[in-house]
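Colleague: Residue-level listing of the chains:
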Amino acid sequence: MPTLENPYLLKAGRVEKVIKECDGVYTFHVRTQEPAYPGQYNMLYAFGVGEAPITIASMEEGYIVHTVRAVGDVTRHIDQLREGDYLYWRGPYGNRWEIERAYNKTLLIISGGLGLAATRWVFEEALNKPIKRLVHLYGSKDYDSLLYRYLYENWSSKVEFYITLGKPDPRWKGRVGLITEILKDLELDKDTVVFACGPDPMVKACVKILEEKGLLLENLYASLERHMKCSVGTCGHCMIGPYFVCKDGPIFRYDLIREYFERKEV
Amino acid sequence: MEGKGKGRSYLLSLEGIRELFEALKDGYIVLAPKLRDGLIALSEVQSLEELPLGYRNIEAPGFCVIEKVEGYFTYTHPYNSFKSFLHPTELPLIRVRKEREDLNFQTLVPEEKAMCLFDIRACDLSALKVLDTVFLYKNPHPDPYYASLREGLFVLAVNCSYATSTCFCTTMETGPEVKEGYDLLITELSEGFLTEVGSEKGKRIIEKVKDKREAEGKHFEEKRKILEKTELTMKRAFQTEGLTKRLYERMDAKYWEHIEKRCVACTSCTQACPTCFCFDIIERNNLELEESLRVRVWDSCFSPSFATVHRFNLRQSVHSRYRQWLMHKFAYWVGQFDCFGCVGCGRCITWCPVGIDIREEVRRIAYA
Ligand SMILES: Cc1cc2nc3c(=O)[nH]c(=O)nc-3n(C[C@H](O)[C@H](O)[C@H](O)COP(=O)(O)OP(=O)(O)OC[C@H]3O[C@@H](n4cnc5c(N)ncnc54)[C@H](O)[C@@H]3O)c2cc1C
Ligand code: SF4
Ligand code: SF4
Ligand code: FES
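Chains as they are written, first to last, in my numbering: chain L, 1 to 266; chain V, 1 to 368.
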């Protein structure tokens, strides 16, 4: 019988580079030839501990990039990996950001916290695509949680890239306040395409403002985070209404999931 | 006599049924209902005598007893289902070994031992089809573990001549008559056992049985009457046409919250249910930390960790978990797998410690 491919088998890749982003957050460049698309994720494995879904933050010739925050059992182990170690994973899984929807339009990317890992790749890709105007809002809890500081200069030189911190900091000269405050002040075309990834409450608050601005919610895409185990649509954990976040998502057209996403405890 | 054009049909005596059992035991691990701890449990059996022939299960919400009656296949289905065998409570998926600094992964596809479901009823046969859909046919990553246990399964179905008070297969349109998906189908008649052939596999087995004669028209007539009688004992519990839509419209109904007062989130219903498939994957390590098994274990949408993200359970209230379960069965499932996730076997009703009756809940939520 075993002609079927085993969806739980893991692959291995050498960690080529480790970047410490901030306390408890590391970025790993891992050797692989496996193709993937912006928006997809892998299930990273820690021996004897388990797996966790982690976005593919970027992909370049011959390696994938993962940014991992040590929050629990699996991620704490993964964050201990160093150059030369092996990372084990299965994937890529899930759908992708449909960047072509934004061609010849304004593309607004909204990233909250670690959500920047989920939008980084599509944002980098958008820099070279026929996008009319590219705006990226990134909200970080505080100065110490900022990710990818080494990329900001390049990004800001090319497009509108705004960062806002949840808390003031003597080391920070930029904006302070909630991401929603910048969003309110932003002039946007009615047919702007929006890609959002961040905590559920942030996404909900942004949607309200976008609606007030008269944007069409069918042009809004959000990447959701739910408890995942199998990642292949068989374990039931990641369900939101009739959808499986692991295989129907993680990226959803907002108007299609709205009623489940905004309703309590679905 | 031709039954439904699939092959010849026979009338077997009890001796013929015994021969049939032995023929199947020759090539298969035979799983059949059996009296165990005062309950009828699907178990591996060695002889026909182990079946609870002549016993009857009487069930009601939160209640089950067994009594002795006249006849042979006089009971309904066992309290556990084939699910325990095709989607076992614990199934090792992968063995991971540490070899110096490398990890070695070994797929633990279960050994191929063909199983025979000796005596499966219409509702459970429908549930088998539902699980096949979930694990294999409507899955972009068909599950090799389920597939290897499922492969070669011999299905001997039995038509019900009795329904207990928790049965509602007529509502879900899954029974009491077995219509498809069997290798052999038995109906107990007054003068013997009508045996219909549903596949080549079934034909090969029945050929080994000597104690048989060709079935006649009157036997099919009796079968029809028996099934009609069984059907009449089950009132339609609710309307299924348009049910999904009604449920979607009532997701915010106040009534859901009443369930909080009764449901204790024990997960019994999900374990008893033959179609509930949700699982967790856990790690089982050896003491030296050189080897780790990745094991699939049953999980339940009623458990507090099920939908936990960042130390926060998205479904805090028990009623939201009940809503998840009922909406999944009768609404979400339809979109996901093109069928209901409920076949009307009634197990969740019998085995709910507080007697919550899913028929009652559907009626109140969708139709009150
Ligand atoms: C599609 C997707 C992409 C993600 N991308 C990233 C990423 O790029 N970088 C990153 O650091 N994190 C990412 N996450 C979040 C990460 O998967 C969770 O934080 C995960 O729980 C970490 O596993 P752990 O074993 O270390 O933590 P756990 O030991 O599981 O503990 C972390 C906390 O999160 C809860 N939790 C358990 N499973 C999940 C889950 N699947 N998702 C969310 N919370 C969970 C636990 O209850 C616990 O409270 C992503 C999640 C999803 C669903
Ligand atoms: S929901 Fe209840 S009645 Fe329906 S199949 Fe599951 S256990 Fe049987
Ligand atoms: S409905 Fe009944 S069986 Fe199911 S979790 Fe609640 S109390 Fe337990
Ligand atoms: S993670 Fe298992 S169904 Fe989505």
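Treat the hints with care, since some could be wrong.
One-sided excerpt, in silico: chain L residues whose CB lies under 10 Å from chain V [unchecked claim]: (1) L10; (2) G50; (3) D85; (4) L146; (5) Y150; (6) K229; (7) H237; (8) M239; (9) P242; (10) Y254; (11) D255; (12) I257; (13) R258.
Hints were generated in silico from the structure; no laboratory data involved. Predicted model only: the values in this text are computed from it and were never measured. For each residue, glycine too, the CB sits at the ideal point set by N, CA and C.
Colleague: Each hint should be assessed against the structure and marked as holding or not.
Modeller: Here is how each hint holds up against the structure:
{"no.": "1", "hint": "L10", "result": "5 Å, holds"}
{"no.": "2", "hint": "G50", "result": "6 Å, holds"}
{"no.": "3", "hint": "D85", "result": "8 Å, holds"}
{"no.": "4", "hint": "L146", "result": "20 Å, violated"}
{"no.": "5", "hint": "Y150", "result": "27 Å, violated"}
{"no.": "6", "hint": "K229", "result": "5 Å, holds"}
{"no.": "7", "hint": "H237", "result": "6 Å, holds"}
{"no.": "8", "hint": "M239", "result": "7 Å, holds"}
{"no.": "9", "hint": "P242", "result": "4 Å, holds"}
{"no.": "10", "hint": "Y254", "result": "18 Å, violated"}
{"no.": "11", "hint": "D255", "result": "16 Å, violated"}
{"no.": "12", "hint": "I257", "result": "13 Å, violated"}
{"no.": "13", "hint": "R258", "result": "13 Å, violated"}
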